[in-house]
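One letter stands for each residue in the lines below.
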Amino acid sequence: MKLGVCYYPEHWSEKHWETDAKEMHEAGIDIVRIAEFAWAKMEKEEGIYTWDWLDRSVETLATAGHQILLCTPTAAPPAWLISAHPDILPVDEKGRRRRFGSRRHYCPNNKTYHEHSKRITKAMAERYGNHPAVIGWQIDNEFGCYFARCYCESCTSEFQNWLQKKYTSLDELNERWGTIFWSQTYNDWGQIEPYNLTVAEPNPSHVLDYYRFASDSWVAYQQIQIDALRANIPKKQFITHNVIADLNTIDYHDLSRNLDFISWDSYPTGYAEMGSQNLYAPDEESFAYAHDLGDPLITGFFHTLIRGLKQAPFWIMEHQTGAINWSENNTGVRPGALRLWTWQAAATGAEAVVYFRWKASRFGLEQHHDGLRHHHGGANNGYNDLLTLKTERQALEDFIAHPLDTPVGILLDYSTLWALEMQPHRKDFAYLKHLFVFYRACKMLGIEPDIISPQADLNRYKVLLAPNTFLADEVLAQNLDNFAAQGGSLMLGVRSGFKDTNNVVTEEPLPGLFRELVGAKVAQWHSLPPKIAYSLQSEIPVFYPEATFWAEALKPDTGTKSLATYTAFPFENSSAITEKKHGDGKVLYCGVYPDAKQAKALMRFLLVAENIPILDIPDGLTVISRGKKLFALNLTESPIVLVRKSNPYRIPARNFKLIEG
Amino acid sequence: MKLGVCYYPEHWSEKHWETDAKEMHEAGIDIVRIAEFAWAKMEKEEGIYTWDWLDRSVETLATAGHQILLCTPTAAPPAWLISAHPDILPVDEKGRRRRFGSRRHYCPNNKTYHEHSKRITKAMAERYGNHPAVIGWQIDNEFGCYFARCYCESCTSEFQNWLQKKYTSLDELNERWGTIFWSQTYNDWGQIEPYNLTVAEPNPSHVLDYYRFASDSWVAYQQIQIDALRANIPKKQFITHNVIADLNTIDYHDLSRNLDFISWDSYPTGYAEMGSQNLYAPDEESFAYAHDLGDPLITGFFHTLIRGLKQAPFWIMEHQTGAINWSENNTGVRPGALRLWTWQAAATGAEAVVYFRWKASRFGLEQHHDGLRHHHGGANNGYNDLLTLKTERQALEDFIAHPLDTPVGILLDYSTLWALEMQPHRKDFAYLKHLFVFYRACKMLGIEPDIISPQADLNRYKVLLAPNTFLADEVLAQNLDNFAAQGGSLMLGVRSGFKDTNNVVTEEPLPGLFRELVGAKVAQWHSLPPKIAYSLQSEIPVFYPEATFWAEALKPDTGTKSLATYTAFPFENSSAITEKKHGDGKVLYCGVYPDAKQAKALMRFLLVAENIPILDIPDGLTVISRGKKLFALNLTESPIVLVRKSNPYRIPARNFKLIEG
Amino acid sequence: MKLGVCYYPEHWSEKHWETDAKEMHEAGIDIVRIAEFAWAKMEKEEGIYTWDWLDRSVETLATAGHQILLCTPTAAPPAWLISAHPDILPVDEKGRRRRFGSRRHYCPNNKTYHEHSKRITKAMAERYGNHPAVIGWQIDNEFGCYFARCYCESCTSEFQNWLQKKYTSLDELNERWGTIFWSQTYNDWGQIEPYNLTVAEPNPSHVLDYYRFASDSWVAYQQIQIDALRANIPKKQFITHNVIADLNTIDYHDLSRNLDFISWDSYPTGYAEMGSQNLYAPDEESFAYAHDLGDPLITGFFHTLIRGLKQAPFWIMEHQTGAINWSENNTGVRPGALRLWTWQAAATGAEAVVYFRWKASRFGLEQHHDGLRHHHGGANNGYNDLLTLKTERQALEDFIAHPLDTPVGILLDYSTLWALEMQPHRKDFAYLKHLFVFYRACKMLGIEPDIISPQADLNRYKVLLAPNTFLADEVLAQNLDNFAAQGGSLMLGVRSGFKDTNNVVTEEPLPGLFRELVGAKVAQWHSLPPKIAYSLQSEIPVFYPEATFWAEALKPDTGTKSLATYTAFPFENSSAITEKKHGDGKVLYCGVYPDAKQAKALMRFLLVAENIPILDIPDGLTVISRGKKLFALNLTESPIVLVRKSNPYRIPARNFKLIEG
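Residue numbers (our numbering), protein chains in the order written: chain A, 1374 to 2034; chain B, 1374 to 2034; chain C, 1374 to 2034.
Just chain A, same shape as in the assembly (with noise of 0.2 Å):
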C-alpha cells in the first residue's frame, strides 16, 4: 500500500520546492506525481527542451525520500503546436472545431499529433527512464473526459479504414448494418461519414461502430505512448493510466489490457451528486448520501468496477482532498474524510492512493479545487487526515494482506451499454443503473462482487449475473453456457439476446441466441410508465409482488420452473423469473426490472442456494471482507449496530470499525 500525491511544481516557486518534499514526506507521502501538463514548460518551441527545472524537482523530491511517478504531456499541447497544425484541435458533434485554451484539445487520430506525442514522450522517457527514483509512468490524463468521440476529417478517413479493416467489403457493410433501412447503401467507402449531423437519428449499426472506432483511437494512441516508452524505460517501470468515472465512451477493457495497471481518479462528493441521478432510479433517494463524505455506494461502485477491468489491484491516481470544483454544489468535505476515503479504497483493492493535489492553484481552471494544502500553504483537513492515518498505516496494511473474496461476478459489456444508451426504447432505462442495482444488492447482503468483462475468467465465480446482455455472439452464449454446466449460477436480466454484436435484432425468439440456455420464450415485453404496475406472485422469498418499469411475459420450455408468475391481464399466466437445471448449475431469467428491494430478494435467494454466507447490513453500512476480518464503514450520522455470527457490533457515526473473527 502506497500514498502518493500529485504535485505541479511549474506551478511554485522554487524557494518552496524543498519544504513542500520535506511536508509531504512528514505526512506520510510515498509517491509524487509530476510533469502532467507541462509539456509548454519542458518544450518552449518545436524541438527546444528545457530539462534543468524537471531536472531539479526530480531531485529534490528524490533527495527528500520520495519515489517519482512521471506523466506524459500530452492532455495539454502547447500553443506553439497547436498554432502550426490547427487540424489537431478536435471536431465536436455539432461540427465545430474547437479551439486552444483549456486542455484535451487535439483529435487521437491526428497523425500530425501522434508524430508529437511520439517525439515528447521518447524523450522524456530518454531523459527519466533510467533515474532511480522514478518508478512509473502515467500516459496523458484522463482520456475520454470532455469528450472522447471527434467528428473531423481525420477521423472521417480513419473511420472509413477501419471499417474496410472490419468489413473487408462494401457488400458485408451494408449487410451487417442493414444499410437496405432506408435506402442507406453505401457505393464507396467514402459515402460513409461520421453519425452526427444527420436529419433523423442515424442507423444505430453506424453509430455502434462509430462508438467502438472512437474508442479504439484511444486505445490506439495510448499504445503509440505505451510504445515510445517501452523503447526507452527499463521493465521494473509501470505504465498506467488514469480513467474516470464517467466510464460510457471508452471501453476500459481494451484501454487497460497493455497497461501495467489500471488507475482512477476517485471525487467522491462530486460522484455522489452526480451517480444519484446517474445510478439511482428517478423515484428513489440516494442512500445514506452525505453531502460532506460522499455515497460509500456510489464510491464503492466505481472502485469495484475498476478493479475488475483487469480482475486486478488498482491505483487511485487523484484522491479527493478537499471541496472539488465541477459538481453544482461543491460541497465542503468534512475533517476526517480522507482518512474514511484511504481506507475504504485500500479495503476495496487500491494499491496506492495518489492525492489531488499537493497545494491548491492559484491560478487556471482547478482554482476552487482544494489541495491537502491551502493556496497560502497552510495545512488544509486533508494535510491534517494524513498525519491521523499515518498512525493507522500499519493497522490498514495488516487488514488488506488479507485476501478479498469475490463469489459474485456482474457483467459489463460495452457494447451493450453504447446500443442501451442509443436505443433505451423506455426514458431511465440505463446499463448501469441495472448494474448498480445489482451491486446495492450484493453489498446490502454483505458480499463484495466483481464487475467485469464477458471476456473475463468466469471461473472464478458461483454466482454470474448478467442483467442485460443486449448485444450476444456465439462466444459468449458457449461461455456462459460452460459456466453454468460447470456448475455455476447464472442470471440473465431483461432484453438479453436481442441483438447480434452488428446492432442488428435476431432472427430468433428471445432470448435469442439464449434461447436454449434459458428453456424460455419471451413471448412478449412492455415497457411500463410510471405509476403502471403488472402483479406477480413468487416463491423468491421477501421479492415484492409487481414489475414496474419493464415486464417480459415469458413462456418456460418442459423442465423450466417459473419462480414468478403474473397474476393479471394482460400477462396473467406466463412466467416472470424461470430457473432451469443446466449440467451441474442453474440458468435464471429474470423477466423484470428489479427495484432495489427486489433485487436484494433475488440475490439473497441465488447466494442462500449456492450456500454463500450473507449478512443483513443496515441501511447505511458498508462492509468488506478480507479474510476472517470485516471493514464497516458508517457514513451516516448515527451509530449503526451490525450483527455478525449473533454478536452487535457498534459501528460509530462517520466512522469504521474493523471486526474480527
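Honestly, the hints are just simulated from the structure, not real lab data. All values reported here derive from a predicted model rather than from experimental measurement. Don't take each hint at face value.
Remember, identical chains collapse to one label, so a pair may be satisfied in a single copy or spanning two.
For lysine-lysine, the following DSBU-like pairs were computed, each having C-alpha atoms within a straight-line distance of at most 35 Å [what the hints assert, rightly or not]: (1) Lys-1388 <-> Lys-1539; (2) Lys-1538 <-> Lys-1417; (3) Lys-1467 <-> Lys-1806; (4) Lys-1417 <-> Lys-2030; (5) Lys-1904 <-> Lys-1800; (6) Lys-1484 <-> Lys-1467; (7) Lys-1484 <-> Lys-2030; (8) Lys-1970 <-> Lys-1806; (9) Lys-1467 <-> Lys-1800; (10) Lys-2030 <-> Lys-1928; (11) Lys-2030 <-> Lys-1954; (12) Lys-1467 <-> Lys-1417; (13) Lys-1683 <-> Lys-1388; (14) Lys-1491 <-> Lys-1539; (15) Lys-1934 <-> Lys-2030; (16) Lys-1800 <-> Lys-2002; (17) Lys-1928 <-> Lys-1395; (18) Lys-1763 <-> Lys-1928; (19) Lys-1928 <-> Lys-1417; (20) Lys-1495 <-> Lys-2018; (21) Lys-1417 <-> Lys-1539; (22) Lys-1970 <-> Lys-1904; (23) Lys-1806 <-> Lys-1904.
Use these hints to put chains B and C onto chain A, whose structure you have.
Relative to the frame of chain A, chains B and C by itself:
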C-alpha cells in the same frame, strides 16, 4: 373499408415473401404498401435500374390476392446521389448543413433533386402504372417530419423569387412588412435572407412569409411528383401522401388540394404521450389516458382534423400495431388495442387502415417499433387482433355505411397557427390547444365536429367556431358575415381580428375587421399569469364565473347583448362574452380563454339554441353517431353507463358498444 | 422633473403627427424622443440623406411645445450597409456569424462600422445640433442587449492589441494569467484567441480579460459617438445612453463616466418576472409580487443601482406603459400603474421619465408591446394615468425637491460580478443576489442605500457594505481601510479578498489583502448544499442562529471580537462574524451568506450602532424619505399600517401616501 399493411420486401429474404403474402391474406389484409425508401435498391447507381426484385414482389403479392400501393422513394435519396450533389442536403436553423445517414436529407428547393425526383418517379410510373394490382401511389413519406424549413442557398434565392412574385416591388414588401421598424428597409431583393440567426428576434412578417414559403416549397415539390405520376399512370390509380400529426409546419390544406385523398399516420400511444403536453392545458391531466391504448380524444382529434382537410374521408396510411420507438416511454400495447383503434378510425371517417408494419425491422432505426408479427416471424398481438376484427368486418362496414353528421365547424388556419406560435404573448397560448378545448367540448356533448379551413364550404354547418381568428382579411370577414347572415351561429374567440394577413396589427379598434359583425369593441386585453382570475357573472348555464389565462374587456354596441360580465376591477362592468343577432343568425364573441368545462358550457348553450340534439357523455367515453347508431368507446379500466333517450347503456371497460335506435 | 415619450414618427402617416403632438401635450408630456432606429429612413443609400421628414417631425413637435431628444440610429445599421460589409455582423459564442433582420447586428470593434457610425452621427449633429427645441442626444440604444461579447476576427485582433497594451510583454501576461496551468503558455500574441469554443472550461484570467475587453469595446464605441456629437453640438445639449437592467456584461461605471447623465429603461412587470429568479433566493417567494404592478423592491433596486452609477440623478429613458412583449406571461397592467411607477421612480432619483411608447407598434417585433395609446390611436390605460398624474405634478415636484438621504453604501464591482459568474463554486451563488439581499434589508428598515463603485466617493456614507469583495487590489484595500479609519462602519462578506484583479488566488491566508483590516483569518470555507445548516450562537439581536448556503470558519486575532460562533462540528468554536475596531471606525466580517432575515438583523445592528434612525417597514411596503417627508408605497391587495414616531399611518392598497413631519 379496406385494411392494408406496410411491407418492406427488400428487408427480408425472398424465401419469406410467399408465406408473408399468404399470412397477410389470412388476417384479412386487402392492400399492401411497398417500395417506400427503396431507391438505392431500385437504382444502385445513377441510371442503372434493378426492377426485377420489385417485379417479383409485386407478382407475389398480386398472386396472393392483394392490391398494391406503391410509394415513390424520394424520402431517402441514395448515397451516390448525395455524394455527387451534397448541396441537396438541407441546412438547419443553426446554419449547419446536415448529413447523409438517416432519411429526409434533402432540401425541397434543390433543382438537382427536383430532376432526380422526377426521373425516379417517372421510371416507377412507367414500369408499374399499368399493373392491374396497383391501385395507387403514395408520394414520398411524411413531409415535414424532423424539419420543414431549410435555410440553404437554394432556399434563400427561391425565397427571394417567391417574395418578388408575391409583392412585385420592394416598396410594396417594405410597406407590408413594416420594415421601417428597426431600420430593416430593403433596397435589393438579394438583401432578404432567411430569418434565422438574427441577433434579436426577427420581423414577424418576414418570419410568417418564410413559413409560408417553406410550406409552399413542399407543396410545389409534391406537385412535381404528382405531375410525373399523372402523366404516366391511368386515371383509376389514386395519388395520396401520408402526413403526420405534428402538423405545425406545412399547410395541410394546400398539401391536400391536388391529392385524390389525404392520408395520415396514426400512433395513438405516442400521440397520447405527446398530446398530453401539447393539447391539454398545463394544469390538466390528460383525460382517460390509457398508457396501453392511448387517449381516444387525442386520437379522435387528429382523425377529425385530417378528415376536415378535404371535408372528405381519408386513409390511415400507417397505423400503430404495438409498441413504438419514438416516444418517451414507448409503452407496451394491450392485446385488443388494434381492434378498438380500427373501429374508432373507421367510425370517424377512415376509408382504409394500413397497418405499420408487417414484421418488426431487424435493422436500422426502427428496430424497437413493433409490427403485426415479431422479428422472428411469429404473430404479435396486432396480428391476433386482426383475426378478431375479421369476424366483425361486416358489422363495421354496416355501421360506417351510415352517414356522419357534423353540425359544428371549427376553423383551422395555418397562418394564424404560425403567427401565434411565433408571438404567443403568453406562455402556453397555443392555437391547437384552443381548438382542442372546443373539439373536446363537442365530443363531451356527443357531437362530432369538423375542423376546417376558412376557405372550406362553411354552409354545411349550423354552428361555426373561430377560436382565435388572429389574422383576418376581407374575404374571411365576408365569409363569416355571410355564414351568420344566412342563419348560422358563429362564435369568435379571443384575439380575433388582431392582425392582417401580413402579420401586421389592424389600425382599427379590435376585433378589427370583425368589429361590425361582432357588435362590440375589445377595449382591453390582459394576459393573466397562473393563479390570477377575474370574476364574472354569466347567464350561460353552468359557465364557471372566472376568467383565467387571458381576458378581454368588451364594450357591446347598442343592440348587442352581454352574456357574461366582469364583476371586479380592473374590468368591472365590461362584458366578457357578447351576442349579437346578425341577419338570420347570430354572432358571439367569447372574450375569455375557456377551460374545458367553460368550453362545454358554451357549446351546450350554442347547440341547445340551435336545437341540435346533445348527449351528456360521461368522462372516459367517446362516441360517434352514424345515422341512428351510436359507437361508444370506453378505453378506461371500468364499465361506463351512458344514458341515451332515458335508456342506460353499459359500455364495458376497454371495449365498445354499438347502440341502436 | 420632466415627463417624456418615445415616438417613432416614421411609423405613422404624417397626417397623424400634429394630433399626436397635441395629445402628448395635453397629457403633460414635455419631451419627445425620436429618430431611434431610423437610419434607413435618414440615409436610404450610402451618402444619400433624406432629412425632410425628420425636419418636419421636429418642427411639428417643437410647434406643439415639446422639447426634443434625438437618438443616433446606430443600433440598427441598414441593409445596404450590411450587404456591402457583412463583416460588420457579430459572431456569437458558438462561432456563428449572425444575420441582418432584427437589430444590434454589429460588432463594436469593426473599423468600417466605426467610420459609418461617426459619419451618420456627425451628419445628424450638424443638421439638428443648433435646433432650439433639441435638448439632448441619446447614443445608440441599449448596449449589451442580446449580447455584449462578439467573437469575430475584428474582436480577436483587437483583443490581442488590448492585451499587448495592458501587459506589454507576453511574459507578463503568461505570469499574470498563470498560463503555466494546463500548458497554456503563449509564445506569440497571435496565438491568443477569444476564450469561446475551448474543449474544457477556459482559463478564468483569460475569460475575465475578455469580459473586460468586450465591455471596454462598447465604452470605446460609445466614445466615438460622444466625440462626433460634442464636436458638432452646443454645450447645453446633453449626451446620454439608455442602459438595460440586464446589467451583467458591460461595466456601467465605465459606460456612464463620459455621459452627462445615465438613463435606463424600466419595465417593472418584466423585471418582476425575471427578478424573482435572478434576485431572490431559490427557496424564496418574491415579496409582494404584484402581477400587474411589478415588485417594488426589484423596480427600486434597479433605480437605486442606476442612481449609484454616477452618484447622481438619472433618467428613465423608456418606461413601461402597459403590457410588454418579452417576458413569459406579459401580464396585463393595472389601470393606475403608470402613476404609481412614476412616483416611485421620481422619489428614488429619476429626473425625467420618458414613456415607451406613444402608440403601440403595428409592425415589427414589438407589436404586443403596449403604448400610451392603442394601435388604433385610442387612449390606453397609460394615457389616462398621465392625465391623473398631471393633477399631482406639483405635489410630486414638491416632494422630490427635498434631498434624498443615503447613509449606507453597497459596493458593486463588475470584475467581481464577472469572476463570480464564471466560477460561482456553488450553484446559485450570484453576486447581484447577495447585493439585493442587503438592499432589501436596508429598505425593510426604511433606509435608501446607494449602490456604488469601489472607486466612488465612499466618505459620503456612515455604513459601507462589501458583500463579496472577491477580487481585491491594494487601492481598494487602502480605500476601505481609510473609510473605517475615518470613522465609518464597514462590513465585508464571504469570499472577500480571495483573488487579485487578474482573477488569480491570493498567496496569503484569507481574506488576503483584507487580513489585517479584518483582524481575523478565514480558516475554512464550506459550500453547503440545500437542507444543510451549521448552528451558531450570536449576540446580534434576532439573528437566526444558522448558517446555510455558504459558511466560513473565522479565527479572530486578539482584540477582534466574535459576534457569532459556530456551535457544532465541523466549525465548532470558530467565529462566524467578527468585529474589530479600526481607527475611528470598525470593520465587520460576515462569514455566513445571510438570508433576508439575517441580513435585516445585521443591518439593524449596524445602523443602531451608528445612531441612524430606522423604521420597521411591514412586509409589502416600500418607503423613501426625502427631508421630513416619507413616500410610502403599497402595491399589495390590502391596506398596510406603518407606525412612525408612534403614529399609525394607513397606506391604502395599490396606492401610496405621503407622510409628513
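Consistency of the hints with the structure:
{"no.": "1", "hint": "Lys-1388 <-> Lys-1539", "verdict": "between (56 Å within a copy, 29 Å between copies)"}
{"no.": "2", "hint": "Lys-1538 <-> Lys-1417", "verdict": "between (39 Å within a copy, 24 Å between copies)"}
{"no.": "3", "hint": "Lys-1467 <-> Lys-1806", "verdict": "both (28 Å within a copy, 33 Å between copies)"}
{"no.": "4", "hint": "Lys-1417 <-> Lys-2030", "verdict": "neither (52 Å within a copy, 71 Å between copies)"}
{"no.": "5", "hint": "Lys-1904 <-> Lys-1800", "verdict": "both (14 Å within a copy, 29 Å between copies)"}
{"no.": "6", "hint": "Lys-1484 <-> Lys-1467", "verdict": "both (23 Å within a copy, 27 Å between copies)"}
{"no.": "7", "hint": "Lys-1484 <-> Lys-2030", "verdict": "neither (54 Å within a copy, 71 Å between copies)"}
{"no.": "8", "hint": "Lys-1970 <-> Lys-1806", "verdict": "within (14 Å within a copy, 42 Å between copies)"}
{"no.": "9", "hint": "Lys-1467 <-> Lys-1800", "verdict": "both (24 Å within a copy, 27 Å between copies)"}
{"no.": "10", "hint": "Lys-2030 <-> Lys-1928", "verdict": "between (48 Å within a copy, 34 Å between copies)"}
{"no.": "11", "hint": "Lys-2030 <-> Lys-1954", "verdict": "neither (41 Å within a copy, 49 Å between copies)"}
{"no.": "12", "hint": "Lys-1467 <-> Lys-1417", "verdict": "both (33 Å within a copy, 31 Å between copies)"}
{"no.": "13", "hint": "Lys-1683 <-> Lys-1388", "verdict": "neither (42 Å within a copy, 47 Å between copies)"}
{"no.": "14", "hint": "Lys-1491 <-> Lys-1539", "verdict": "within (26 Å within a copy, 38 Å between copies)"}
{"no.": "15", "hint": "Lys-1934 <-> Lys-2030", "verdict": "neither (43 Å within a copy, 41 Å between copies)"}
{"no.": "16", "hint": "Lys-1800 <-> Lys-2002", "verdict": "neither (42 Å within a copy, 42 Å between copies)"}
{"no.": "17", "hint": "Lys-1928 <-> Lys-1395", "verdict": "between (69 Å within a copy, 27 Å between copies)"}
{"no.": "18", "hint": "Lys-1763 <-> Lys-1928", "verdict": "between (59 Å within a copy, 27 Å between copies)"}
{"no.": "19", "hint": "Lys-1928 <-> Lys-1417", "verdict": "neither (69 Å within a copy, 44 Å between copies)"}
{"no.": "20", "hint": "Lys-1495 <-> Lys-2018", "verdict": "neither (57 Å within a copy, 83 Å between copies)"}
{"no.": "21", "hint": "Lys-1417 <-> Lys-1539", "verdict": "between (41 Å within a copy, 23 Å between copies)"}
{"no.": "22", "hint": "Lys-1970 <-> Lys-1904", "verdict": "both (17 Å within a copy, 27 Å between copies)"}
{"no.": "23", "hint": "Lys-1806 <-> Lys-1904", "verdict": "both (19 Å within a copy, 26 Å between copies)"}
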